[in-house]
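For the record, the sequence lines run as chains A and B. Per the working numbering, numbering through the first sequence is continuous, rising by one, with the last residue being 315. Per the working numbering, numbering through the second sequence is continuous, rising by one, with the last residue being 433.
Heads up, none of these hints are tricks.
In silico contact screen, one side only, chain B against chain A (beta carbon under 8 Å); selected entries:
hint	residue
1	T84
2	G193
3	V196
4	D250
5	P402
6	Q406
7	D410
8	S413
Simulated from the structure, these hints should not be mistaken for lab results. Note that the structure is predicted; figures quoted are calculated from it, not measured. For glycine and all other residues, C-beta sits at the position ideal for the given N, C-alpha and C.
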Amino acid sequence: MTVAAPSASSARTRRARPPATGPGTGRAQGPSFWMATPALALFGLFAVVPLVGVLVLSFMTWDGLGDPVWAGADNWGRTLTDPVTLNAMRLTAIVTVVSWLFQAPVSLLLGVFMAGRQRYRAVLSVLYFLPLLFSAAAVAIAYRALLDPNFGLGAALGIPLLAQDWIGNPDLALWVVLFVIGWCFVPFHSLLYQGGVRQIPVSLYEAALLDGAGRVQQFFHITLPQLKYTIITSSTLMIVGSLTYFDLIFVLTGGGPGNATRILPLDMYLTGFRSYDMGGASVIAVILVVVGLGVSLALNRLSGANRMESQMEGV
Amino acid sequence: MRPGFARRTGAVVAALTVAAALAACGGGKQPGQAAGGGASAWALTGESGDVLGAQFDAWNEAHPDEEFATEYFANDAYKEKIRTAVGAGNAPTLIYSWAGGTLEDYVANGDVVDLGDSTARLEEQLIPSVADNGKVDGTTYAVPTTHSQPVVLYYNQEVLDAAGIEVPTTYDELLDAVGALQDEDVIPIALAGQSVWPELMWIQYLTDRIGGPEVFQAVLDGEEGAWSDPAIIEATTKIQELVDAGAFGDTFGSVNADQNGDTALVQTGKAGFLLQGSWVYPDFVAGAPELVESGGLGYTSFPLVDDGAGDPANIVGNPSNFWSVSGDASEEAQATAKEFISSEVLNEAAVDDLLAIGTVPPITGIEDKIAEQDDAEYLSFVYGLVSDAPHFQLSWDQALPPAQAQSLLDNLSQLFLGQLDPQQFSDAMDATL
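Throw the hints in and build the complete structure from the sequences for me.
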């Protein structure tokens with residue numbers, strides 16, 4: 001096939017496309033349904049089939065060897081009364097709420113700052129952006145080394161305050177984990193907000209300026225309302241992301257000390273691949289799927305994001 | 001060009017992608033098996049893995065028709081991968097294991113085969129307390145293939161001298177030493193609490209010294225209330241006594257053994273003692289060569305407990321790593337693997353290689369060879385421990401079935417953190433029996 005071929009064929013397609021005649025002809029306009037087949041096939045193979053498998057497995061006993069045996073609702077009763085799993089649910093709720101409370105304001109403010117025209121803004125933005133480029137495992141290993149009370153940052157700089165038992169003390173570990181998660185994800189959400197702020201028409205600010213609005217008033221009366229849908233998108237990603245958060249915590253603390261950072265996804269993994277209780281792990285997996293789907297649907301509903309209308313009326 | 005070309009190309013690409021994905025999933029070649037149904041083996045990376053690798057290379061050169069395909073993995077990754085592979089019928093021909101509860105599971109499911117007379121040579125040479133771990137109900141399903149790994153008490157002689165203390169031989173002396181070391185502002189005993197498994201060594205040794213091996217045997221046999229045995233309660237009480245006395249410092253939860261955080265503390269003189277497996281010795285040699293050369297690194301057996309019922313010569317740790325032969329492998333692959341076991345495993349060359357890297361294979365009558373090594377003193381200490389031990393207790397997390405082992409690690413870590421008291425620990429563990 002020559003290099004020119006695709007463009008020639010797409011040019012023909014464009015010519016051949018019937019002119020749009022308004023609402024009602026939407027279906028004829030879109031590409032063929034068959035174009036979605038590869039995506040649907042992959043989605044079915046790697047998402048739907050395993051999902052059904054996990055649902056079935058949650059009613060079976062299986063240790064990874066031998067054959068799975070039907071267990072009825074045993075796994076469900078056992079898992080839902082297991083103190084470790086209940087604790088994991090509590091921790092997951094805390095992680096979700098606190099992550100949002102910490103990340104949302106920080107990324108909003110950083111995003112607004114990065115969208116501005118200040119001096120050194122570009123340099124600082126690049127620095128803020130860096131954590132997004134690191135793999136979670138590398139970040140976890142680096143933090144584990146930095147926070148080591150015997151050989152880490154505190155010991156190296158001779159600052160006793162920094163030489164706490166950060167990830168070995170059950171009362172501190174969860175907060176450290178929340179901080180590191182925030183450190184990793186704030187750049188991404190700042191980027192969303194930066195994009196959002198850049199889309200706000202300058203004329204709005206000019207009008208506000210004429211009316212005598214200060215910086216703070218501009219932020220609360222123009223920037224924030226205009227960012228409504230960015231906030232919804234970013235919050236949905238944060239909340240659903242926290243529900244499935246795994247790799248960083250797995251490498252940083254492994255769920256410890258004790259069970260202090262054993263959130264649900266980690267509990268699922270440890271139950272499945274350390275205790276080899278595939279039935280119990282499947283129960284937790286099903287719970288995660290249901291809660292994750294429920295939360296994102298609810299967020300969509302509550303926020304009215306499904307009827308996202310333009311915020312540009314009158315501009 | 002024909003109309004609809006782009007669309008048709010898309011469909012073909014999609015079909016190919018799906019086909020490739022399907023093939024990767026289930027069809028095609030099984031990951032554990034070499035092309036053409038030959039034999040394969042998985043083992044661990046690291047120095048003992050290099051010894052095994054050299055063995056396979058030599059074998060493959062001598063037997064071009066019966067080559068082994070080998071792969072090497074990191075410890076934790078391997079433990080998770082192998083069970084999945086065995087369960088799915090994709091196991092390598094030679095399965096590397098720690099014996100114990102996992103081996104029993106394999107045997108119960110017919111995943112491994114009786115090794116038969118391929119072990120005749122080894123049976124004569126192996127130290128019996130180590131070889132016994134490869135037997136299930138009197139039949140040999142696994143043979144030792146690497147070194148023995150008893151847990152020993154290391155200490156930094158310079159730190160002990162500074163505090164003016166002798167090497168403790170009893171638990172009470174150890175407790176006194178803890179006080180003296182604290183006065184010197186060092187961590188008395190390095191403990192990698194973040195990894196949790198090093199905490200097992202304390203409960204294993206204390207239980208054995210106090211109550212003997214029968215106490216844990218009752219747990220393995222699943223006897224009701226076996227975890228509430230007075231010996232275990234006393235052991236866990238002593239553990240909390242040590243923790244409360246500050247024996248492990250107040251930051252042991254941040255110390256990680258997989259990154260040698262615990263040996264580093266002893267190497268740098270920040271801690272006095274370390275209870276660890278014999279496998280950390282090469283790390284001392286690499287990390288603190290001056291300390292090792294000047295005799296500043298000491299090692300001794302675990303102190304005895306006054307009025308304890310256990311033999312002070314008993315040891316805990318990993319008797320060895322073992323080879324089993326997969327029941328899912330083809331007949332010819334099984335035959336190759338058995339031939340390999342009968343002629344190569346722990347043969348003279350392998351014993352020499354293991355000694356050269358500072359480890360001791362579980363073979364009888366190698367005192368003379370050991371005396372010729374650079375680290376002769378340390379090696380003969382370890383060899384003496386293993387040869388003279390009436391009982392060599394496999395690490396509890398390997399001996400128990402996985403679900404119980406995981407609960408043990410969970411509860412033990414909470415015991416060390418003071419979140420559970422000894423009675424709560426025993427109650428929680430009794431519930432897993």
